[in-house]
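Below are the chains, spelled out letter by letter.
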Amino acid sequence: MTRGRARLLAVAVVAALTASPAAPAVAQAASARDAILRAAEAGRTRPYAGEALSITWEGGRARVLTFDVASKAPGDLTVRAPDDFAMRLGASGGGLVDYRRGWFVPLPASDTIGYVEAFQAMERKYMVRGTGRERLLNRPSRKVEISRRADGRLRERLWLDTKTGLLLRRESYDGAQRMLRLATYLSLDLQPEVVERATHPRPRAAVPQVSVREQGVAEVDLRGLDVLRDTGWTVPEFLPGGYRCDAGYAVSSTDSQPLQLVYTDGLYKVSLFQQPGSPDWDSLPPGAQPVAELGGRVFSWPGALPSRLVWEADGRTYSLVGDAPPDEFLLIARALPGPASYNLGERLQRGLGKLWSILSPWS
Amino acid sequence: MSERCRALASSYSAYADDELAGSERARVAAHLESCAACHGDVEALRALRAALGNLPVRAVPADLWDGLDLDAGTPAPRGRAVRRAARPPAARLLRGGVRLLAGSLAAFAVVAGAAFALGGQDPAPTVAVPVDVYVANHLVRTTDGPVPTQLLVQDRR
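Protein sequences, first through last, are from chains G and Z. Residue numbering for the first sequence is 1 to 363, as defined by our numbering. Residue numbering for the second sequence is 1 to 157, as defined by our numbering.
Just so you know, the hints here were simulated from the structure itself, not pulled from any lab data. Beta carbons: idealized from backbone N, C-alpha and C, even for Gly. Don't take each hint at face value.
Claimed, not checked - Sample of chain G residues with no beta-carbon within 10 Å of chain Z, all distances over it, derived:
{"id": "1", "residue": "R46"}
{"id": "2", "residue": "R61"}
{"id": "3", "residue": "R63"}
{"id": "4", "residue": "R157"}
{"id": "5", "residue": "K163"}
{"id": "6", "residue": "R178"}
{"id": "7", "residue": "E196"}
{"id": "8", "residue": "P276"}
{"id": "9", "residue": "P302"}
{"id": "10", "residue": "T317"}
{"id": "11", "residue": "S319"}
{"id": "12", "residue": "V321"}
{"id": "13", "residue": "L352"}
As the list claims (entries may be wrong) - Pairwise CB distance ranges, derived in the manner of DEER restraints:
{"id": "14", "chain 1": "G", "residue 1": "L359", "chain 2": "Z", "residue 2": "G96", "range": "28 to 38 Å"}
{"id": "15", "chain 1": "G", "residue 1": "P276", "chain 2": "Z", "residue 2": "A109", "range": "29 to 39 Å"}
{"id": "16", "chain 1": "G", "residue 1": "W356", "chain 2": "Z", "residue 2": "R95", "range": "48 to 58 Å"}
{"id": "17", "chain 1": "G", "residue 1": "T234", "chain 2": "Z", "residue 2": "V98", "range": "45 to 55 Å"}
{"id": "18", "chain 1": "Z", "residue 1": "V98", "chain 2": "G", "residue 2": "Q349", "range": "27 to 37 Å"}
{"id": "19", "chain 1": "G", "residue 1": "L348", "chain 2": "Z", "residue 2": "G96", "range": "27 to 37 Å"}
{"id": "20", "chain 1": "G", "residue 1": "G287", "chain 2": "Z", "residue 2": "F108", "range": "44 to 54 Å"}
{"id": "21", "chain 1": "Z", "residue 1": "A109", "chain 2": "G", "residue 2": "W356", "range": "35 to 45 Å"}
{"id": "22", "chain 1": "G", "residue 1": "P240", "chain 2": "Z", "residue 2": "G97", "range": "49 to 59 Å"}
{"id": "23", "chain 1": "G", "residue 1": "P337", "chain 2": "Z", "residue 2": "G97", "range": "46 to 56 Å"}
{"id": "24", "chain 1": "Z", "residue 1": "F108", "chain 2": "G", "residue 2": "P290", "range": "29 to 39 Å"}
To be verified - One-sided and incomplete, this derived list gives chain G residues near chain Z with beta-carbon spacing under 7 Å:
{"id": "25", "residue": "S271"}
{"id": "26", "residue": "Q275"}
{"id": "27", "residue": "D280"}
{"id": "28", "residue": "L336"}
From just these sequences and the hints, can you work out the full model?
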């Protein structure tokens, strides 16, 4: 991965963190809940500029990225990799993608409708509590921890700026109390003139080219999901770990027409894509690695965020994408139809049935 | 039996069949006149020859050697037909059972092979899996809500 692309990755993390974090659940202390909700609002509306650091760990390897980011308004985000290029995105509904790794930078969210609902869903599974105050970037901040109610395991640790509410630092943990990701600002400036200057950097390298991919998207309501379920589609209402089906979309483009189901537990989100047919394995993006834990032919992209898996089951191609921790992500994949495995008895049974249908005068 | 009797005993069968001549015959005849025991043995041999001559003659069955893999220039092994006719019924039953089992196994193998060949999964159509686009769709849906189109920007050098 080039440094420029790596920096884009960091933008993906920080932009998602500061602009559109899913509102975490709040436990006993109402102030912790208020702090998080305030952070979500600030990330959308508060101008800021700074240098960010992102570290991800997977398979014993750490990937360290630094980049500059500035946000003037909802949907106005500037990313700068000094040695590579600069880019400024407007609120036109786009994003950055690094096809080599599949990283994607979403625009900062401008829709807060789902925050309250997500917050309530999060409270069912997670405890949110304030754990003290620290100084970060020479600014007073409040520490908040999000833990699973079932076993008390820590999932997220947040540092929220006391004055502005901005999310300054975020640590994500896996099911074994190991840090998965770290995103933090190394410097932060809220002066309008500083933000304005950071918003219009001079590009130093090749100007990014725009490629447009058009697709049709139709939202599928609950009744439609029931019909799909009755006709053989995999449409579970719940997935392990407290993930509930939040929305369904029928996506149509020239090369694929998947059904997308979005699941959330209030904090993390997972999308299940499925389409009839066997996967064209040659069409997978580079970097795919076989996954041994699930058996059969399953591929993942180690180190990629969000996580992703692809497999085939019962004549359908499944793709799972999400930011759930690895242990919950695998648990969800195991609950879905598994990849085809060789079963001699089933094959002989099918063959005898076909043989009978060929030979029998009554078939 | 005296020494003289043992020396001439081997010639008694030929003498009974009138196949001896000359001094050999005279010598045997002279001894038989003085030895009652040897005279009785020769008379018994003559009686046996007479009995065998009265047995009915049977034609050799035309299919006596059928089923035997005999070379035209190779004489048939002596006694084989007799040994075949003499095989006990249990052995015949065992051979029949083995043939039946082998036939059943062969038929089962044919059916199982056909079932195995037909039992494979019907090939499904192949579809592309643009995972990177799925990732983009996931983030767009979980962040900004549904959008009709998606603008992707990729840096190129």
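Verification of the supplied hints:
no.: 1; hint: R46; result: holds (18 Å)
no.: 2; hint: R61; result: holds (21 Å)
no.: 3; hint: R63; result: holds (17 Å)
no.: 4; hint: R157; result: holds (22 Å)
no.: 5; hint: K163; result: holds (26 Å)
no.: 6; hint: R178; result: holds (24 Å)
no.: 7; hint: E196; result: holds (22 Å)
no.: 8; hint: P276; result: violated (7 Å)
no.: 9; hint: P302; result: holds (14 Å)
no.: 10; hint: T317; result: violated (6 Å)
no.: 11; hint: S319; result: violated (5 Å)
no.: 12; hint: V321; result: violated (4 Å)
no.: 13; hint: L352; result: violated (5 Å)
no.: 14; hint: G:L359 x Z:G96: 28 to 38 Å; result: holds (29 Å)
no.: 15; hint: G:P276 x Z:A109: 29 to 39 Å; result: holds (36 Å)
no.: 16; hint: G:W356 x Z:R95: 48 to 58 Å; result: violated (34 Å)
no.: 17; hint: G:T234 x Z:V98: 45 to 55 Å; result: holds (54 Å)
no.: 18; hint: Z:V98 x G:Q349: 27 to 37 Å; result: holds (31 Å)
no.: 19; hint: G:L348 x Z:G96: 27 to 37 Å; result: holds (30 Å)
no.: 20; hint: G:G287 x Z:F108: 44 to 54 Å; result: holds (49 Å)
no.: 21; hint: Z:A109 x G:W356: 35 to 45 Å; result: violated (18 Å)
no.: 22; hint: G:P240 x Z:G97: 49 to 59 Å; result: holds (58 Å)
no.: 23; hint: G:P337 x Z:G97: 46 to 56 Å; result: holds (49 Å)
no.: 24; hint: Z:F108 x G:P290: 29 to 39 Å; result: holds (38 Å)
no.: 25; hint: S271; result: holds (4 Å)
no.: 26; hint: Q275; result: holds (6 Å)
no.: 27; hint: D280; result: holds (5 Å)
no.: 28; hint: L336; result: violated (15 Å)
Hint violations for this structure: numbers 8, 10, 11, 12, 13, 16, 21, 28, all remaining hints satisfied.
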